[in-house]
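Chemist: The chain contents come next:
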Amino acid sequence: MKKLFLMVFLCTIFVTNISEAKIFNATEFYLKNGLQVVIIPNHKAPIATSMLCYKVGAIDEESGKYGLAHLLEHLMFKGTNKIKDAEFSKIIAKFGGVDNAMTSYDYTCYHQSMSRENLELALYMEADRMDNLNIPDDAFEKEKLVVIEERFSRIKNNPQAILEEKKQSLLWGNSPYAHPISGRIEDIKNITKKDIMDFYNRHYRINNSVLVIAGDLEVEEGKKIANKYFGFKENNKVEKRRFEKSEKGNKVRAKIEMEHKLIQKNSWRRTYIAEKNSYALDIFSNLLAGSSTSKLYKKLVKQDKLASEVYSYYNGVSLDGARFVIGFTPNNDEDTEAIINIIDEEITNITNNLTRKEIEQEKEKMISGLVFLRDNPESEAQNVARLIVSGMSLEQIESWEEDIKKVNMGDVKKVANELINNASFVSGLLMPEKGKDK
Amino acid sequence: MRRRKSNSYVLKNILTISLILGIAFGIYNFKNMLSFNPQEIVDGAILKKKNFKAEIKEVTSPKYKIKSWLMEDKTNPIISINFMFDNIGSAYDNNTKVGLANLVAAVITEGTKNKTSDELDLEMERKAISISFDADKTSFSGSLLTTKKNKKRAFEILGKFIKDPRLDIDDIERVKLQFIAGIKKQEESPYFLANQKLNKELFGEHPYSRVGIGKIESIKNISKADIANFVSKKLVKENLIIGVSGDITPEEISSYLDRVFGELKFKQRHKTLPKPKFEIENKQINMKKNFPQNVVMFAGKSVKRTHKDFYPLYIANYILGGGSFSSRLVNKVREKNGLVYSIATYLGIEKYAPMFNGYFATTEDNFENAKNITLKEIKKIAKNGITKKELQNAKAFLIGSFNLRFSSISDISSMLVAMQYHELGIDFLEKRNDMVKNIKLDEVNEAIKTHIKSDELLFVKVGNN
Numbered sequence: 008m009k010k011l012f013l014m015v016f017l018c019t020i021f022v023t024n025i026s027e028a029k030i031f032n033a034t035e036f037y038l039k040n041g042l043q044v045v046i047i048p049n050h051k052a053p054i055a056t057s058m059l060c061y062k063v064g065a066i067d068e069e070s071g072k073y074g075l076a077h078l079l080e081h082l083m084f085k086g087t088n089k090i091k092d093a094e095f096s097k098i099i100a101k102f103g104g105v106d107n108a109m110t111s112y113d114y115t116c117y118h119q120s121m122s123r124e125n126l127e128l129a130l131y132m133e134a135d136r137m138d139n140l141n142i143p144d145d146a147f148e149k150e151k152l153v154v155i156e157e158r159f160s161r162i163k164n165n166p167q168a169i170l171e172e173k174k175q176s177l178l179w180g181n182s183p184y185a186h187p188i189s190g191r192i193e194d195i196k197n198i199t200k201k202d203i204m205d206f207y208n209r210h211y212r213i214n215n216s217v218l219v220i221a222g223d224l225e226v227e228e229g230k231k232i233a234n235k236y237f238g239f240k241e242n243n244k245v246e247k248r249r250f251e252k253s254e255k256g257n258k259v260r261a262k263i264e265m266e267h268k269l270i271q272k273n274s275w276r277r278t279y280i281a282e283k284n285s286y287a288l289d290i291f292s293n294l295l296a297g298s299s300t301s302k303l304y305k306k307l308v309k310q311d312k313l314a315s316e317v318y319s320y321y322n323g324v325s326l327d328g329a330r331f332v333i334g335f336t337p338n339n340d341e342d343t344e345a346i347i348n349i350i351d352e353e354i355t356n357i358t359n360n361l362t363r364k365e366i367e368q369e370k371e372k373m374i375s376g377l378v379f380l381r382d383n384p385e386s387e388a389q390n391v392a393r394l395i396v397s398g399m400s401l402e403q404i405e406s407w408e409e410d411i412k413k414v415n416m417g418d419v420k421k422v423a424n425e426l427i428n429n430a431s432f433v434s435g436l437l438m439p440e441k442g443k444d445k
Numbered sequence: 104m105r106r107r108k109s110n111s112y113v114l115k116n117i118l119t120i121s122l123i124l125g126i127a128f129g130i131y132n133f134k135n136m137l138s139f140n141p142q143e144i145v146d147g148a149i150l151k152k153k154n155f156k157a158e159i160k161e162v163t164s165p166k167y168k169i170k171s172w173l174m175e176d177k178t179n180p181i182i183s184i185n186f187m188f189d190n191i192g193s194a195y196d197n198n199t200k201v202g203l204a205n206l207v208a209a210v211i212t213e214g215t216k217n218k219t220s221d222e223l224d225l226e227m228e229r230k231a232i233s234i235s236f237d238a239d240k241t242s243f244s245g246s247l248l249t250t251k252k253n254k255k256r257a258f259e260i261l262g263k264f265i266k267d268p269r270l271d272i273d274d275i276e277r278v279k280l281q282f283i284a285g286i287k288k289q290e291e292s293p294y295f296l297a298n299q300k301l302n303k304e305l306f307g308e309h310p311y312s313r314v315g316i317g318k319i320e321s322i323k324n325i326s327k328a329d330i331a332n333f334v335s336k337k338l339v340k341e342n343l344i345i346g347v348s349g350d351i352t353p354e355e356i357s358s359y360l361d362r363v364f365g366e367l368k369f370k371q372r373h374k375t376l377p378k379p380k381f382e383i384e385n386k387q388i389n390m391k392k393n394f395p396q397n398v399v400m401f402a403g404k405s406v407k408r409t410h411k412d413f414y415p416l417y418i419a420n421y422i423l424g425g426g427s428f429s430s431r432l433v434n435k436v437r438e439k440n441g442l443v444y445s446i447a448t449y450l451g452i453e454k455y456a457p458m459f460n461g462y463f464a465t466t467e468d469n470f471e472n473a474k475n476i477t478l479k480e481i482k483k484i485a486k487n488g489i490t491k492k493e494l495q496n497a498k499a500f501l502i503g504s505f506n507l508r509f510s511s512i513s514d515i516s517s518m519l520v521a522m523q524y525h526e527l528g529i530d531f532l533e534k535r536n537d538m539v540k541n542i543k544l545d546e547v548n549e550a551i552k553t554h555i556k557s558d559e560l561l562f563v564k565v566g567n568n
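Residue numbers (the numbering used here), protein chains in the order written: chain A, 8 to 445; chain B, 104 to 568.
With the rest of the complex left out, here is chain A:
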């Protein structure tokens, strides 16, 4: 009894020591067949989330077949040799689970959240559809229609999204990040089942995937279940991905203006191609317009009252598609040009006059709330899995806090200057149709 008590005590100390340095306190291991597994114990309730991600996404599609990766994601729910008739989600639901999937440029992920004792059913079924996908012809055709309706919902009904696609195409040129994830309607119509199965067979491989499980389980249990459901699979050759072969385009600096009947107010957004995984850019975007205490927000929204919102963000975790975004909505549409000029002036001013204190302050803001990332096991699994398949190592994820602390003023100045002077960008201005009654 005493011995046990001591062990528990030691464990506690051990765990506490680690968690001071790490964000998720996750453990990573590889199965013999190459499957990368990450376990994130979180014992708040007897539930767990499994997230299986394949290192394949819209950037791996070929011209004429845009939208294929996303269509395949839909079709993964349509049955296997074992599980017929789109029963996947229905079976998960019968066991109290909720499931879904997502496709991005870099990855495609499938996730289920269940009670702890039912999680292995999800793993079993996930392992099954990794190899045994069997799509009925009728379901294939019908799902193409669904995906087309999805594209209408996400893009065609939303002028801002239409403009973003135009910007994207101009900005990324020949890069695989130039075309929309949801594809082109003509392409979707032309995709055959053979195209889908070829893509599936090439990319949906055990050693091309990452499994992240967060929730009420221990690392040892995680090892056992990962082996039980995925251990028997054989690894395969995985080919080089398209982005690794693509060339960087010429520098672009352009603007697109678009009027639209459905638009009631101007809005402006500029997207830069940025360096990837740069903590200095993270800090710069927060400092610029990341919150209500940022430089541009204080100037444009609070002090001058010219804009009702101004924001910036940096999507830096990406294989090759990192971007930096600044945008605003004016209070009066007439002030739009003036605000753009102020932003351009201010970015340079802010960069030239950066102070150490400001940088330290931003770092403090970014770090103080990290503990909230440990709250929800579902978001833990999603966050970690997505970061990993976008190119970060678990080590990098866990040491985020220390690495942010290491960034100094010189680093921020350097990336900011690079952004201002050299990075490609396209600005988009969306406006109500001229002459329209308001």
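Read the hints as simulated data drawn from the structure, not as lab findings.
Any given hint could be a false lead.
Derived pair list, reagent style DSSO-like, types lysine-lysine, alpha-carbon separation capped at 30 Å [claimed, not checked]:
| # | chain 1 | residue 1 | chain 2 | residue 2 |
| --- | --- | --- | --- | --- |
| 1 | B | 552 | B | 439 |
| 2 | A | 163 | B | 479 |
| 3 | A | 305 | B | 288 |
In this text, all values refer to a predicted model and were calculated from it rather than measured experimentally.
Starting from the known structure of chain A, fit chain B onto it as the hints suggest.
Modeler: Only chain B this time, still in chain A's reference frame:
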């Protein structure tokens, strides 16, 4: 993989063995294929079921007797509190000052008496304290999320917002400009337009038909005095409901409750709202707008959250259109016919206007078809009810997914508020699964017959028609 060359004898043997193995594997596979049994996989699982009891305590503060429900969770050093002042939401705004409740929610966090909004925002960001307020039709709510380390300061700031906000004219004017921009921008959403049209049609002149953030004119009408009056007269203890979750003890939270809410007045001078009378006319309204895909919303009547038929109807709705990929509507309209990407129904649990609602989005060519199938399914369920198997599956989901409610502390604290608001009782979570388990097929089908009227549905279609 390359294999070493072998002589023909060995090769033959290997071939024979692999043939036998192949057949055996084939049989195994075939058997496996036929015998895929999810229950067996769960029964043979390594991860065993763990019991879990979500314990809610009712805490009463020592001095002012403020009540709150608390669910402790020490997994992480963080704390979440949600609270609601009922009967002061946007429907209670004066006709000429619609938007007041929402405007108060936005400006109340702009600084305290001794700190400007800039200074305070900075402090809160550095300490990872977030506090926000919000108003819906009937109530005014707030929430706080803080680390354990900064809880004292977090509760202190919350108390100042509620009792004595700064209300600088400069901040108020800015937030009003933001509201005016928002009022225009919201019209860019087909869902907003459809919902607005539906409310107008259902509630007519009743305040329930109004847009919560008001109109440009009504926002301009609101003065600093209006805001200050709202705070001092309407944020009172009488209609206050509080839920707390996270790493905090009952003793600690009760002393904070006194400090935050203790000095509020007890009663407000009641402004009452006429009960909304809403009749559903069986018709379709078309709103022509340049959206290439139609957004369709529909509404019928339902029952209050506390009505005896609520749970049976909740199950019926899960089967019809609430249960995502398990629902009849997703199955028929989306999977079998490819007419929509999203379609769902839900039960609106607004106290005085409980509704059965649904929506789908579809291009014009598919519209008639999608609507007809939707109506057919509603008629079918209204006429024939649900099957035993469907009831079983629905119960399995509702019971099996119960623990997912406890995945984040802010979900928990807001659930604690909802439970009190709907008067479900402090032991609701303990009883809930048994309650679901005990619902009979007849009860569900009876409730469907009584409440789901397929010929009393109002459809609104927004799109390029």
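Chemist: Does each hint hold? Answer for all of them.
Modeler: These are the hints, each one checked on the structure:
1. B:552 with B:439: OK: residue 552 (chain B) and residue 439 (chain B) at ~27 Å, within 30 Å.
2. A:163 with B:479: holds (29 Å)
3. A:305 with B:288: holds (22 Å)
Violated hints are absent here; each numbered hint is respected by the structure.
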